[in-house]
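Chemist: Please model the entire structure based on the sequences and the hints provided.
Each residue of the sequence shown is one higher than the one before, starting from 0 at the first, in numbering that gives the first Met the number 0.
Label pairs and their in silico Cβ distance ranges: (1) 17 <-> 149: 31 to 37 Å; (2) 195 <-> 130: 38 to 44 Å; (3) 1 <-> 180: 37 to 43 Å; (4) 237 <-> 131: 41 to 47 Å; (5) 166 <-> 227: 18 to 24 Å; (6) 163 <-> 7: 20 to 26 Å; (7) 163 <-> 236: 21 to 27 Å; (8) 195 <-> 232: 16 to 22 Å.
Keep in mind that the hints were calculated from the coordinates and are not lab data.
Keep in mind it's a predicted model, so treat the numbers as computed, not measured.
For every residue, glycine included, the Cβ atom is placed at its ideal position computed from N, Cα and C.
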Amino acid sequence: MYEERPSLLDGAVVWTRVLGPAGDAVARVTPAPPDPSGGPATPGPEIRPVLPDGCMDLIWADGRLLVAGPDTRAYAVKDPAAVYAGVRFAPGEAPGVLGTEASALRDRRVDLADLWGARTARRLADDITGAADRAAALERLVLGRAADAPPPDPLLRAVVARLRAGGTVGAAAAETGLGVRRLHRRSLAAFGYGPKTLARILRLRRALDLVAAGTPYAVAAHRAGCVDQAHLAREMRALTGMTLTGYTTGQRSA
0 MYEERPSLLD GAVVWTRVLG PAGDAVARVT PAPPDPSGGP ATPGPEIRPV LPDGCMDLIW
60 ADGRLLVAGP DTRAYAVKDP AAVYAGVRFA PGEAPGVLGT EASALRDRRV DLADLWGART
120 ARRLADDITG AADRAAALER LVLGRAADAP PPDPLLRAVV ARLRAGGTVG AAAAETGLGV
180 RRLHRRSLAA FGYGPKTLAR ILRLRRALDL VAAGTPYAVA AHRAGCVDQA HLAREMRALT
240 GMTLTGYTTG QRSA
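Modeler: Shown next as structure tokens:
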């Protein structure tokens, strides 16, 4: 079962997931280490891959604190934890809170200990594990860190809004006064990749949201900003390794 709500942190989402007997998809997790005894791993539920969305997450997973970096491709999850709580940051806003550039975490899942130190990460994980509402406890941790972090860059927020609405990178660079080269440099630190990649990911998410709502592929492609359905199909394969039909079939079965 998956649930989410808007966070008190502007633009973020607080989510929880408990894997049920059907093994529904889980968001942004690191595979569990192999059995130290050398025996075969216990088979887990079959889950769908996590698709790129331009975001980063701080996750509590069965007592561990993890960071999910920005994806440029679908992330296949193995051996998921049973219970999760997470905060999903708006594109470009996790680096200031976590204290690291997004490009260092691109296509990675890492222990928070790698960023904040083992002792601090263990103490924070234990605090959240013992909380009555783990998602709320994780959100309080994020809010506290955000209060001490530099404020989000308003120019990069404007870039995200422009790209999310279907604008071009050139137009976003011109409207913010950053210029294409400077926007690219700042995007690597904030988003983990260049603005063109972010634009492609956000466009694909727009199309998939339309498809999930029952919009025909060709219409969804046009509304999202693709040239045609074939263009959307190519982007789907390039960014996720999946077909549109495979995606919609998985959505229905879940």
